[in-house]
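2 protein chains.
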Amino acid sequence: MASGKILVAQGGGPTAVINQSLAGIALEARRFPAIERVYGARHGVRGIVDEDFVDLSLETSHNLEQVAGTPSSALGSTRDKPDLKYCQEILKVLRAHEIGQFFYIGGNDSSDTVRILSSQAQQAGYPLRCIHVPKTIDNDLVGSDHTPGFPSAARFVAQAFVGANLDNAALPGIYVGVVMGRHAGFLTAASALGRKFPDDGPHLIYLPERTFDLEKFLADVKATHARLGRCVIAVSEGIHDAAGTPIASLLTKDIEHDAHGNVQLSGNGALADLLCEAIKARLGIKRVRGDTFGYLQRSFIGCVSDVDQREAREVGEKAVQFAMWGTQDGSVAIERCGSYAVDYRLLSLETVAGKTRLMDEAFIAAGSTDVTDAFMLYLRPLLGSGMPEPFRLRPSPVARIGAGPG
Amino acid sequence: MASGKILVAQGGGPTAVINQSLAGIALEARRFPAIERVYGARHGVRGIVDEDFVDLSLETSHNLEQVAGTPSSALGSTRDKPDLKYCQEILKVLRAHEIGQFFYIGGNDSSDTVRILSSQAQQAGYPLRCIHVPKTIDNDLVGSDHTPGFPSAARFVAQAFVGANLDNAALPGIYVGVVMGRHAGFLTAASALGRKFPDDGPHLIYLPERTFDLEKFLADVKATHARLGRCVIAVSEGIHDAAGTPIASLLTKDIEHDAHGNVQLSGNGALADLLCEAIKARLGIKRVRGDTFGYLQRSFIGCVSDVDQREAREVGEKAVQFAMWGTQDGSVAIERCGSYAVDYRLLSLETVAGKTRLMDEAFIAAGSTDVTDAFMLYLRPLLGSGMPEPFRLRPSPVARIGAGPG
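Protein sequences appear in the order of chains A and B. Here my numbering is used: the first residue of the first sequence is 1, the next is one more, and so on. Here my numbering is used: the first residue of the second sequence is 1001, the next is one more, and so on.
Don't read these hints as lab results, they were simulated from the structure. There could be a bad hint or two in this list.
[Claimed, not checked] List time: in silico DSBU-like cross-link candidates among lysine-lysine, alpha-carbon distance up to 30 Å:
hint: 1; chain 1: B; residue 1: K1196; chain 2: B; residue 2: K1280
hint: 2; chain 1: B; residue 1: K1196; chain 2: B; residue 2: K1092
hint: 3; chain 1: B; residue 1: K1005; chain 2: A; residue 2: K280
hint: 4; chain 1: A; residue 1: K286; chain 2: B; residue 2: K1216
hint: 5; chain 1: A; residue 1: K85; chain 2: A; residue 2: K196
hint: 6; chain 1: A; residue 1: K81; chain 2: B; residue 2: K1222
hint: 7; chain 1: A; residue 1: K222; chain 2: B; residue 2: K1216
hint: 8; chain 1: A; residue 1: K355; chain 2: A; residue 2: K280
hint: 9; chain 1: B; residue 1: K1280; chain 2: B; residue 2: K1355
hint: 10; chain 1: A; residue 1: K355; chain 2: A; residue 2: K286
hint: 11; chain 1: B; residue 1: K1286; chain 2: A; residue 2: K81
hint: 12; chain 1: B; residue 1: K1222; chain 2: A; residue 2: K355
hint: 13; chain 1: A; residue 1: K81; chain 2: A; residue 2: K196
hint: 14; chain 1: B; residue 1: K1286; chain 2: A; residue 2: K85
hint: 15; chain 1: A; residue 1: K81; chain 2: B; residue 2: K1280
hint: 16; chain 1: B; residue 1: K1196; chain 2: A; residue 2: K286
hint: 17; chain 1: B; residue 1: K1085; chain 2: A; residue 2: K286
hint: 18; chain 1: B; residue 1: K1081; chain 2: B; residue 2: K1196
hint: 19; chain 1: A; residue 1: K92; chain 2: A; residue 2: K355
hint: 20; chain 1: A; residue 1: K5; chain 2: A; residue 2: K81
[What the hints assert, rightly or not] A few chain B residues facing chain A, derived, Cβ under 7 Å:
hint: 21; residue: F1032
hint: 22; residue: P1033
hint: 23; residue: E1036
hint: 24; residue: E1051
hint: 25; residue: G1076
hint: 26; residue: Q1088
hint: 27; residue: K1092
hint: 28; residue: D1291
hint: 29; residue: R1400
C-beta atoms are modelled at their ideal positions from N, C-alpha and C, and glycine is treated no differently.
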């Protein structure tokens, strides 16, 4: 059994439940007398090389519970993507502080950091247990049924489209909602869970798993508008042309890249504005509105899936148990084992690290602008209890008596 | 006492609680045997001239309650702004259907429609009771302490800024959130209610009650960023230069106007993108993100103030009572009569119609980039019960031992 001090850090984009995993690790560690101290690194791996640690052993369990219920990364996060040299510096600091176990809560880039670190520690003969704890609203980790953070973001997106659809029905026109998701369309697809009545939107859903064609898009919008007099559209920020170039980046003058080489897709309204302008100009429809959900969808307080909360807590707890009672490094994964029930497994870091899971083909409807029943069945239990539900007046038209101007 | 058939309609932008007022009218009317029928016009005044009515008398009280809890305008809405001729057509249809009372749920434009209609009915000698039932997320009706719809939108904005601030603290940089509000800054000011700790954002708030100066804005952002290493900014979509020209319209090629002559401000991300580009270019700060809250803030399901719900219901009930037991047309207003308690009054239509209330000077802090305690006290009770609260880890730094690369 490993012993001594443990270190936890949070990497990548915040989620609504990432602090549940932090609390799960910190509180579960208190059960083990062999664990002397639980340190947290501020702002992910950056805080390790900067030696910027906090001692979570001094935090009350009560406040840890409160922090668990708070969105975003309580320790701070980073977009740093460590290379070999960076990982060697991490290792140097971990050795100096006699850290025996390292838990990194993050997405596929963070899992790759853990993989490099694990291999470096082994090569250096330093006994370090490295566990990757999953989180990403993109739901794109290989080997997991789903990832903590995704269900709450999906709930936000579904609820947002309930409202957007009702708003669009009241003042008809075209509505474009741009949703996060660079490569995987899960979060955009969650918009479908906002539908209740047969004519509810989103009427069209565009996923990054499919090539985006502007002419096809305009034809789809025109047909829906002709049929219903309105159209609600969910678009992934990651939609791209046949060459794989993001549509959003086709129109941005100064393209911003992060340390992972990713083009900045969120944080501006360019894609929604482009699509709205095209609809106005080409289809001659007057009332066209676009919203980019942006950062609201990943850190909104008070719109959280209770299923997501408890699973995010459990992956933290399980991470400590795998570290203390297990014999290998790895990545914690959620496995669906009932309808609805889950269990947890420790996958090898190589299985997960740096890879990207896309939507299963069985989740995308023929025609590529909708999801299938299989996806609805997959996602519904994740959204949790107490999903608010819309209602409408039943039709009861009054007979015209010809008083109108017509 | 008026009698016969009554007609209710909804105008202008939807809100999260406008259907509470609809249900309040429809259900209260059932108490009066003299009221034979409750008709609803589809899509506001447009549905009257088109003779597009539904018979709400045939709706179950149970479903009316469910619809009451659903955001957006269940009858549909319109942006039509009737002139004299349009109002004469309305009157013709109302006479043909023997409507004795007309309830129009809407903002200041809708109240002006009610005013014209009331005067036309009197001139024509047609006995029509006309009541304006208030709603607007802008909170800009003259004579009201506040307006139904505003508290729920304010709650969304406050909760959104709780999350945006936590996200920005985790991954520091500049965040610009653009909030609805053409002339009145109430909704943008509500962002301040998302703060808890002294260094929480929004750190800067820009209201349409003040002239916006880009140079001053950049200096404010620079100073905050230098002090905290980050900056969260709330900006009203209605900010304008000294000549009164909206900043948003300075950069839009094709400016869209609605029937009221208003420039389209929502439904695109242009303002946030302009401000973000200016910060990047002029201050050399790399991580700059902007979100335009857009339509999410007025129709989001599941983020509603219970105070707003009950007051929106009551203004509907009171409207029917004023109509049945009163002797004059008017506009229902909320009066604050305790901390916190309200009563309702019927104002003359001339008091309210077509006028715009702005933020009280006492609500805007010296320096013009924040609100005062008076505003916080004014708004807090309106947000309702169960506001989610953020928590953070308490500082407990671990001593550095000089292992870092520095």
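Structure-inconsistent hints, enumerated in ascending order: Checked against the structure, the hints that fail are numbers 2, 3, 4, 5, 7, 8, 9, 10, 12, 13, 16, 18, 21, 22, 23, 26, while the rest are satisfied.
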